[in-house]
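Trainee: Chain by chain, the residues run as shown.
Number of protein chains: 2
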Amino acid sequence: MIQASDVKWSKAEKKVAQGAFDKAHERELNALMAEVRERGGAIAAPEDMWRLHDFLSAKRHDIDGKYDYRYSNLIFVFARLVREGWLQLDELDGLDADKRTKVGALARM
Amino acid sequence: MIQASDVKWSKAEKKVAQGAFDKAHERELNALMAEVRERGGAIAAPEDMWRLHDFLSAKRHDIDGKYDYRYSNLIFVFARLVREGWLQLDELDGLDADKRTKVGALARM
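Chains as they are written, first to last, in the working numbering: chain A, 22 to 130; chain B, 22 to 130.
Okay, chain A solo, but in the shape it has when bound (with noise of 0.2 Å):
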């Protein structure tokens, strides 16, 4: 259920939001860039190279896809965030507890 206080942010809530939103994709695409650097210097075959290109196409599919900045869904985005891992529950201290609440439960599901 979409409710009030999940469409609803305040100005310190939005200056919240955006900082742990990029650092999050900054966490994910660091983690990314040494993992292609790493396979990337360890190509010895054609299939090693082809199954780079494989794993960037999708992870560039995801990485466009998950990291939607729209008041509207964000409470879902940091969800995902915190359940992969890219994002810690207690950098979302200064969103209302009924949204910290939501994070933490939709991201336990």
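What the hints contain is simulated information worked out from the structure, not anything from laboratory work.
Predicted, not measured: the structure shown is a model, and the values here were computed from it.
Incorrect hints may appear among the rest.
If you anchor each label on the Cβ, the simulated ranges turn out as follows [claimed, not checked]:
no., chain 1, residue 1, chain 2, residue 2, range
1, A, G62, B, G115, 35 to 41 Å
2, B, R48, A, N94, 23 to 29 Å
3, A, E105, B, H82, 29 to 35 Å
4, B, D43, A, K36, 56 to 62 Å
5, B, S93, A, L127, 55 to 61 Å
6, B, E105, A, L127, 49 to 55 Å
7, B, I84, A, E59, 20 to 26 Å
8, B, D43, A, E59, 27 to 33 Å
9, B, R72, A, L127, 53 to 59 Å
10, B, W71, A, Q109, 53 to 59 Å
11, B, Q109, A, A52, 40 to 46 Å
C-beta atoms are modelled at their ideal positions from N, C-alpha and C, and glycine is treated no differently.
Got chain A sorted already, so can you dock chain B onto it with the hints?
Mentor: For chain B alone, coordinates are given in the frame of chain A:
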């Protein structure tokens, strides 16, 4: 103009053609692997990674289309490989003179 000599390949010619084709393919893949290893290892920003992905998408499409081993098409494939430097004309020694002349002429176009 497609002439009989383009279409008919003797057993000996087929062996030369397959060897030259495989050699060029191997060279191009080796060069590409070296470039991907280097670019992959040097990724410092997300943009570098997405550019590498775009580059690999284009190269994969290009290579998939280029290495088309049908005898009806092989004169054109060889001409392109010579033009691009993946094959030397003298590696086609053993094909009849008419085929070699055509490959050489098309390669200079």
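Trainee: Each hint should be assessed against the structure and marked as holding or not.
Mentor: Evaluation of the provided hints:
Taken as a hint, the range 35 to 41 Å holds for the pair G62/A and G115/B, whose Cβ atoms sit roughly 39 Å apart. Take R48/B and N94/A: their Cβ atoms lie about 49 Å apart, and the range 23 to 29 Å is violated. For E105/A paired with H82/B, a C-beta distance near 31 Å keeps the hint of 29 to 35 Å intact. The given range of 56 to 62 Å is respected by D43/B and K36/A, whose C-beta atoms sit roughly 60 Å from each other.
Checking the proposed 55 to 61 Å range against S93/B and L127/A shows it holds: the Cβ atoms sit about 58 Å from each other. Checked against the given bound of 49 to 55 Å, the beta carbons of E105/B and L127/A, roughly 53 Å apart, stay inside it. Checked against the hint of 20 to 26 Å, the C-beta distance between I84/B and E59/A comes to roughly 24 Å, which is consistent with it. Range check, D43/B to E59/A: about 30 Å between beta-carbon atoms, so the 27 to 33 Å window is met.
In this structure, R72/B and L127/A break the distance hint of 53 to 59 Å, their C-beta atoms being roughly 35 Å apart. Separated by about 27 Å at the C-beta atoms, W71/B and Q109/A break the suggested range of 53 to 59 Å. The hinted range of 40 to 46 Å is satisfied by Q109/B and A52/A, whose Cβ atoms lie roughly 45 Å apart.
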